[in-house]
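Protein sequence lines, in the order shown, are assigned to chains A and B.
If you're matching positions, the first sequence starts at 5 in the working numbering and goes up one per residue.
If you're matching positions, the second sequence starts at 5 in the working numbering and goes up one per residue.
Rather than coming from a laboratory, the hints here were simulated on the basis of the structure.
Take every hint as true, because none was put in to throw you off.
Cβ pair distances, simulated, as ranges: (1) B:G253 with A:V272: 15 to 23 Å; (2) B:K263 with A:K263: 13 to 21 Å; (3) A:D142 with B:D285: 17 to 25 Å; (4) A:D270 with B:A28: 33 to 41 Å; (5) A:R43 with B:D208: 44 to 52 Å; (6) B:S209 with A:D142: 25 to 33 Å; (7) A:M249 with B:P271: 15 to 23 Å; (8) A:H250 with B:P90: 52 to 60 Å; (9) B:S209 with A:D285: 15 to 23 Å; (10) A:M249 with B:S61: 51 to 59 Å; (11) A:M249 with B:K30: 57 to 65 Å; (12) B:M289 with A:N42: 19 to 27 Å; (13) B:P271 with A:R43: 19 to 27 Å.
As the structure is a prediction and not an experimental result, all values here were calculated from the model.
In this text, a Cβ means the ideal position worked out from N, Cα and C, and glycines have one as well.
Number of protein chains: 2
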Amino acid sequence: MARARIAIIGTGLIGTSIGLGLAARKDREYDIVGIDKNRGHMREAKKLGAIDREAGSLEEALKDAGLVVIAVPAMAARQILQDAVPYLAEGAIITDTCSTKADILRWAAEFLPDTVNFVGSHPMAGRELSGPGAANIDLFRGATWAVTPSPRADEQAVNIVLGLIEALGAIPLYIDASEHDTYAAAVSHVPILMSVALFRMVRDSHGWEDASFLAGSGFRDLTRLASGDPTMSRDIMSSNRDAVMHWLGRLEDELRTIKRALEEGDPVLTDLFASTQLDRDTFIMNPPQRRVPDGPEAPTAADTMRRMFFGGFYDRLKDVTNKPGMDRNTDDLKRKLGVDENGNGRS
Amino acid sequence: MARARIAIIGTGLIGTSIGLGLAARKDREYDIVGIDKNRGHMREAKKLGAIDREAGSLEEALKDAGLVVIAVPAMAARQILQDAVPYLAEGAIITDTCSTKADILRWAAEFLPDTVNFVGSHPMAGRELSGPGAANIDLFRGATWAVTPSPRADEQAVNIVLGLIEALGAIPLYIDASEHDTYAAAVSHVPILMSVALFRMVRDSHGWEDASFLAGSGFRDLTRLASGDPTMSRDIMSSNRDAVMHWLGRLEDELRTIKRALEEGDPVLTDLFASTQLDRDTFIMNPPQRRVPDGPEAPTAADTMRRMFFGGFYDRLKDVTNKPGMDRNTDDLKRKLGVDENGNGRS
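For reference, chain A alone in the conformation it holds in the complex (with noise of 0.2 Å):
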């Protein structure tokens, strides 16, 4: 009998890091190949243990994989859905972790046949630096992972994502893609754009080398996100254009109304920094929870994950894959999430 098969197409920061989780689960039943067109990363990955073969063509990465991570920005994920199209094993399971979600359904719409189940996904978790030397086991360890399945996704398909998720100890999310895209527009994409612009003002001016005698963590921390990958940040601004417009045109309000603080003086000043500090304060120390009903009338996702995986993953997957005009619907998914049909999450 065939052992269940994962294959990680991209083993940069993310792909690494998402097979070292994998690979360290005890009693696995599944096997891990990887592969990336850097040939350094995919060996670099496999030193690490993060995948146990490496792949010599998306033909044989693919080849029986059951569960596939696509983990590069999106213009090369687009292009792997057209390329993996002929080698896709029927009732394959394909995810992403890309940055924006609605272009990346749309491309799995058009390109994937209908005998594949797309569920797509984005860690709200990563590092200024990439590659698979800047690879963490502990990477998404409590972070949000947001969760857009195609709508023609089964239910154990999402459920196998939720598993894989959960088990690499993050927090799944169910979001609508364009929801998902205006949201990370506000608090991740145009975050990137902020700590471009502040260092290039600083590194531009005349008295650059003197400035960054004097700078300090915070000017560290606002610029780190200028050290991310240029592809993704390319990819990442060119498929949420839109969004990321119009969260600047809103950043471009909240610094005149500072301007017009810093103009007028207390107590609009203190006034300004007081309640945003007592706000964030909040954020940061209670931070909105969603609640995940437990219970046995409610097997967690990471429940599933275990009974699917570590009992015959691959072969029970076929059997609900191959199953003809099984029911798509995921009202009972979002049910368990505790998400009200509008996809929100907190109650």
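Start from chain A and add chain B according to the hints.
The following block gives chain B in isolation, referenced to the frame of chain A:
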């Protein structure tokens, strides 16, 4: 023979961290007295061992203190300079830790008598948490600490402050006060406003709760400074408004450049991210270094500190500062620090 005495005015994050570093030195021949208008903070600093004794009044704190460290926000520091005048010991050395330096030097010149030495200073380190509970003996380790002596401070006084800085593991940077304020606005004060703007932008949006689920380490890092002490932020902006306004204008220029790049797409967009990444990585991995001379002919400030602090600091200090008509030229010192006549520190 009376032991030397150091007074710490303000036992919040910075004052308590300084106290912890000074108190931990073996064979120290000085006592540390502390005061804070927040009695709880003073008591906590004492409990933590950052100060040897709590003072009941400013008079009591300053009595016989050879070195006075004012570690409060700028407007409170102004008041303390005024209130301290009747109680300052002859020859006392006064330093501060305010984030802006031109105003405090102006106030020192206005209020303080000729019999004392004011040496402004500013550690480029901090945390978003405030109060003595957030203090850390290693807070300043490896950080730049700007030094802006008043024109009438004598060389010994400057050396004592340099010694204090090196004793705490920080790296002194001799810099002109207005130059400091200009560059600190770029690398430290505008970043505070960016953090505030980003946090308010997201918090005030309709989708705040949904967005906050997606907020990961990028958002947390970029908004960290929005959790800083509001009074300190208010004082920074009030006492450095022109420079802050200048850099805010420059930031808006950069954001406009980025928006154009977003509209234009590649190759402009990739170039923008790639060139910024390269320069930022270079800055982080090879930060600009000031050359500090060493060898017997150029004693380091730490040597001076050792000789003075640990060989009867206070008595020697008295000798020095009471000598009439002493040379207050600091050229010697500048040479020792490897800075040229314009206060430029690298070579």
